Amino acid sequence: MDFQNRAGGKTGGGGVASWSDANVDRRERLRQLALETIDLQKDPYFMKNHLGGYECKLCLTLHNNEGKI
Numbered sequence: 001m002d003f004q005n006r007a008g009g010k011t012g013g014g015g016v017a018s019w020s021d022a023n024v025d026r027r028e029r030l031r032q033l034a035l036e037t038i039d040l041q042k043d044p045y046f047m048k049n050h051l052g053g054y055e056c057k058l059c060l061t062l063h064n065n066e067g068k069i
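Last residue of the sequence shown: 69 (UniProt numbering), numbering continuous.
To be clear, the hints were calculated from the coordinates, so they are not data collected in a lab. Watch out, some of these pointers could steer you wrong.
What the hints assert, rightly or not - If you anchor each label on the Cβ, the simulated ranges turn out as follows: (1) Gln32 - Cys59: 20 to 26 angstroms; (2) Ala22 - Cys59: 27 to 33 angstroms; (3) Ser20 - Pro44: 22 to 28 angstroms; (4) Asn49 - Asp21: 18 to 24 angstroms; (5) Gln41 - Leu62: 17 to 23 angstroms; (6) Thr61 - Val24: 31 to 37 angstroms; (7) Cys59 - Ser18: 17 to 23 angstroms.
As the list claims (entries may be wrong) - Quick list of in silico lysine to aspartate or glutamate cross-link-like pairs, DMTMM-like style, CA-CA up to 20 angstroms: (8) Lys48 - Asp25; (9) Lys48 - Glu36; (10) Lys48 - Asp21.
Computed from a predicted model, the values in this text were never measured in an experiment. Ideal placement from N, C-alpha and C gives every residue a C-beta, glycine not left out.
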């Protein structure tokens, strides 16, 4: 019997991604999609500060990376 392609099988060693791994992957895909569709250079409410973080002038919040905006 072939157990190689079964979910959670130990033969391949990969197994099923955990909930947190799937969440990280989903966030990364959404960040990449946002960077492709939104031009941050032309956004008047978005700016990079002197510390390397990002600021939103519209809601006055600080963000660690451009994907969180």
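Comparing the hints with the structure gives:
| no. | hint | in the structure |
| --- | --- | --- |
| 1 | Gln32 - Cys59: 20 to 26 angstroms | 23 angstroms, holds |
| 2 | Ala22 - Cys59: 27 to 33 angstroms | 29 angstroms, holds |
| 3 | Ser20 - Pro44: 22 to 28 angstroms | 36 angstroms, violated |
| 4 | Asn49 - Asp21: 18 to 24 angstroms | 32 angstroms, violated |
| 5 | Gln41 - Leu62: 17 to 23 angstroms | 19 angstroms, holds |
| 6 | Thr61 - Val24: 31 to 37 angstroms | 22 angstroms, violated |
| 7 | Cys59 - Ser18: 17 to 23 angstroms | 33 angstroms, violated |
| 8 | Lys48 - Asp25 | 25 angstroms, violated |
| 9 | Lys48 - Glu36 | 18 angstroms, holds |
| 10 | Lys48 - Asp21 | 29 angstroms, violated |
Against the hints set out earlier in the document, violations occur for numbers 3, 4, 6, 7, 8, 10.
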